[in-house]
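Colleague: Chains as they are written, first to last, in my numbering: chain G, 834 to 964; chain W, 628 to 824.
Think of the hints as simulated: they come from the structure by calculation, not from any bench.
The hints are all genuine.
Now the stretches of chain W that chain G is said to cover, found in silico as 3 or more residues with beta-carbon under 8 Å: (1) 674 to 685; (2) 690 to 697; (3) 727 to 740.
Label pairs and their calculated CB-CB ranges: (4) D749/W to T900/G: 52 to 60 Å; (5) K922/G to M768/W: 42 to 50 Å; (6) D904/G to V811/W: 40 to 48 Å; (7) T900/G to T764/W: 50 to 58 Å; (8) N808/W to D920/G: 40 to 48 Å; (9) M810/W to T900/G: 30 to 38 Å; (10) E671/W to N927/G: 22 to 30 Å; (11) D904/G to Q743/W: 51 to 59 Å.
Cβ-to-Cβ under 10 Å is the rule here; a few derived chain G residues that face chain W: (12) A926; (13) E928; (14) E929; (15) I947; (16) A948; (17) S963.
Note that this is a predicted model, so its numbers are computed, not measured.
Glycine included, C-beta positions come from ideal geometry on N, C-alpha and C.
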Amino acid sequence: MSPNMNKRNFIKQMFQLGALGSLIWSGVSNAQEGKESKVRRTGSTGSIKFVDLRAVVRNGLLTVQATFQNDSSFERPINYRFKWLDDSKMSVANEERWKPMNLFAGQTTDLVGIAPTPMATDFIIELNGSN
Amino acid sequence: MAKTIYKAQLILITLALGACASGPRYGGNVSYVDPNSVDQTTNEFSMSDIGMVAETMSRKMLQSPAIGQSKEIVRIQVTDVKNLTAEYINTATITNKIKNVLVNSGKVEFAGSKDQNQAAVDALRMQNQTGLYDSKTTAQMGKMQGAKYRVEGSLTSMTQRGSVKSISYNFNLSLIDIQRNVMVWGEDTEIRKVSGR
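Excised from the complex, chain G in its bound form (with noise of 0.2 Å):
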């Protein structure tokens, strides 16, 4: 094999790589987007993260488990509280009470919803950040 050959082959995998990283990138922004959709931040929420988000149909009520993770060097108090939606995304009961917590620096927590009943398919989080 001449050593052109060798560089050609060289460059091409290099920008196969480039393709796949960008595209495992953008796949991992996407998510992140998708996850960000179902979060509604009020207040100063910057340095809360949103890690994690799973929901399944637990006995016929939407559960929702949402880990954020306090990205600061400093405690957090948040507020936070689900809004649950129907197909149409209608809220189906009354808003919820928002629920007060404390998150220490780099602390991960996960935030349990269970919808009021099982007419509501979808759902928003709701951070509001106190300070």
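Following the hints, complete the assembly by docking chain W onto the known chain G.
Modeller: Just chain W now, kept in the frame of chain G:
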């Protein structure tokens, strides 16, 4: 001299009574707030706490196998939540909130409690025994339905005093099979509040 002291005492008593008055305030800084917001006015058990525990616990109960896996609407009887704390807490509010969440789920219905039964019996008697009603429209006697489960709840608290005051509230809710008299589901939730002394 005595007259001056008497006047001063009168003014002080008036001021003290005025300070204790708990009537409506006029012209003060009054504003409406979101009733769902977190209330941090005092370290006592607040409406926020009542709402939070009622919401969380009743939804967990809806997901219990006894209710969640039932193919039919489950009939339940609720007894008032017991307040075992040293504070005055209107537990009827907690009971009502739990009932509302459960019944609005469409998975549960409530059998009348002991207090409501008399009113139901009176209404049935009036329809059936007074001869005032068209018999085609009257509710029939002997058709009341008994509950399968009974809900019991209690609220306890523990206070610790150090450089700060810490109060932990524990709310416990259980579902009891009436026929077998066995507890089929139970759950508790805790709220801890810390305040400066």
